[in-house]
Amino acid sequence: DAKTTQPPSMDCAEGRAANLPCNHSTISGNEYVYWYRQIHSQGPQYIIHGLKNNETNEMASLIITEDRKSSTLILPHATLRDTAVYYCIVRVVPYTGRRALTFGSGTRLQVQP
Amino acid sequence: DGGITQSPKYLFRKEGQNVTLSCEQNLNHDAMYWYRQDPGQGLRLIYYSQIVNDFQKGDIAEGYSVSREKKESFPLTVTSAQKNPTAFYLCASSITGTANTGELFFGEGSRLTVL
Numbered sequence: 334d335a336k337t338t339q340p341p342s343m344d345c346a347e348g349r350a351a352n353l354p355c356n357h358s359t360i361s362g363n364e365y366v367y368w369y370r371q372i373h374s375q376g377p378q379y380i381i382h383g384l385k386n387n388e389t390n391e392m393a394s395l396i397i398t399e400d401r402k403s404s405t406l407i408l409p410h411a412t413l414r415d416t417a418v419y420y421c422i423v424r425v426v427p428y429t430g431r432r433a434l435t436f437g438s439g440t441r442l443q444v445q446p
Numbered sequence: 068d069g070g071i072t073q074s075p076k077y078l079f080r081k082e083g084q085n086v087t088l089s090c091e092q093n094l095n096h097d098a099m100y101w102y103r104q105d106p107g108q109g110l111r112l113i114y115y116s117q118i119v120n121d122f123q124k125g126d127i128a129e130g131y132s133v134s135r136e137k138k139e140s141f142p143l144t145v146t147s148a149q150k151n152p153t154a155f156y157l158c159a160s161s162i163t164g165t166a167n168t169g170e171l172f173f174g175e176g177s178r179l180t181v182l
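Note that the protein sequences, when read in sequence, are chains A and B. As numbered in our numbering, residues 334 to 446 make up the first sequence, in order. As numbered in our numbering, residues 68 to 182 make up the second sequence, in order.
Check before you lean on any hint, since a few could be wrong.
[Stated by the list, open to error] With beta-carbon atoms standing in for the labels, derived distance ranges:
{"#": "1", "chain 1": "B", "residue 1": "97", "chain 2": "A", "residue 2": "336", "range": "22 to 32 Å"}
{"#": "2", "chain 1": "B", "residue 1": "137", "chain 2": "A", "residue 2": "375", "range": "42 to 52 Å"}
{"#": "3", "chain 1": "A", "residue 1": "343", "chain 2": "B", "residue 2": "108", "range": "11 to 21 Å"}
{"#": "4", "chain 1": "B", "residue 1": "83", "chain 2": "A", "residue 2": "396", "range": "49 to 59 Å"}
{"#": "5", "chain 1": "A", "residue 1": "425", "chain 2": "B", "residue 2": "83", "range": "16 to 26 Å"}
{"#": "6", "chain 1": "B", "residue 1": "144", "chain 2": "A", "residue 2": "347", "range": "39 to 49 Å"}
{"#": "7", "chain 1": "A", "residue 1": "350", "chain 2": "B", "residue 2": "146", "range": "27 to 37 Å"}
{"#": "8", "chain 1": "A", "residue 1": "400", "chain 2": "B", "residue 2": "82", "range": "49 to 59 Å"}
{"#": "9", "chain 1": "B", "residue 1": "129", "chain 2": "A", "residue 2": "373", "range": "42 to 52 Å"}
{"#": "10", "chain 1": "B", "residue 1": "130", "chain 2": "A", "residue 2": "338", "range": "22 to 32 Å"}
{"#": "11", "chain 1": "B", "residue 1": "136", "chain 2": "A", "residue 2": "392", "range": "17 to 27 Å"}
Because the hints were derived from the structure by calculation, they are not lab data. From the three backbone atoms N, C-alpha and C, an ideal C-beta is built for every residue, glycine too.
The whole structure should be built from the sequences, with the hints applied where relevant.
Here it is, written out as structure tokens:
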């Protein structure tokens with residue numbers, strides 16, 4: 334699975350858009366980009382995933398660059414409840430063998446009032 | 068409601084004691100996973116199981132054991148051989164096969180403290 338690089342922390346003002354970047358320059362053609370978030374002392378929560386097209390759901394939007402070497406998770410109107418650690422993960426679907434998701438250190442997003 | 072239930076939420080243990088963490092899911096998922104998380108760190112895979120009566124070691128399996136006798140249950144035993152067991156333990160599940168979207172469903176975690 335391709336390695337990802339995320340900034341360790343970011344701040345965002347409440348009500349503004351939070352744009353969380355992820356670099357995955359070694360991504361291969363059949364690897365998807367996944368985003369999860371973990372609120373303090375809880376289990377991670379799936380947010381969104383995509384292959385090459387931009388994706389949007391009720392939680393967020395995922396923008397993947399044309400060369401697929403980086404992506405941005407956008408929370409359009411951040412609230413205090415969005416304060417969490419956000420994980421960007423790259424992997425092939427479906428699973429075969431020893432291929433569970435690997436979570437790095439992520440980006441700690443602090444939404445400020 | 069469907070989901071994953073971990074128990075206990077908090078657990079204290081003396082050194083040298085084994086302890087078992089429970090993980091139950093009613094999502095009808097074939098695959099289940101155990102992760103460990105240390106403060107300020109990401110998640111590390113301990114064990115995973117793709118099907119009943121089968122499980123595989125993850126990246127940090129030493130000092131841990133699991134069983135998968137039922138589809139719904141995947142208990143994790145932290146043995147006395149685990150040198151640094153104090154951590155936050157997370158159980159997850161997913162579907163497998165062609166319908167697999169890659170999404171993991173997590174429980175709320177169990178926090179183990181060794182005194």
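To see whether the hints hold, each was checked on the structure:
Against the hinted window of 22 to 32 Å, the Cβ-Cβ separation of residue 97 of chain B and residue 336 of chain A comes to about 28 Å, which satisfies the hint. One distance hint, 42 to 52 Å for the beta-carbon pair residue 137 of chain B and residue 375 of chain A, is violated here, with the actual separation near 26 Å. The beta-carbon spacing between residue 343 of chain A and residue 108 of chain B, approximately 18 Å, falls within the hinted interval of 11 to 21 Å. At roughly 52 Å, the beta-carbon separation of residue 83 of chain B and residue 396 of chain A lies within the given 49 to 59 Å, and the hint holds.
Distance hint for residue 425 of chain A and residue 83 of chain B: a CB-CB separation of about 42 Å, inconsistent with the stated range 16 to 26 Å. The beta-carbon spacing between residue 144 of chain B and residue 347 of chain A, approximately 44 Å, falls within the hinted interval of 39 to 49 Å. At roughly 47 Å, the beta carbons of residue 350 of chain A and residue 146 of chain B sit outside the given window of 27 to 37 Å. Take residue 400 of chain A and residue 82 of chain B: their Cβ atoms lie about 52 Å apart, and the range 49 to 59 Å holds.
Against the hinted window of 42 to 52 Å, the Cβ-Cβ separation of residue 129 of chain B and residue 373 of chain A comes to about 28 Å, which falls outside the hint. Separation of residue 130 of chain B from residue 338 of chain A is about 31 Å and conforms to the stated range, judged on CB atoms against 22 to 32 Å. At roughly 36 Å, the beta carbons of residue 136 of chain B and residue 392 of chain A sit outside the given window of 17 to 27 Å.
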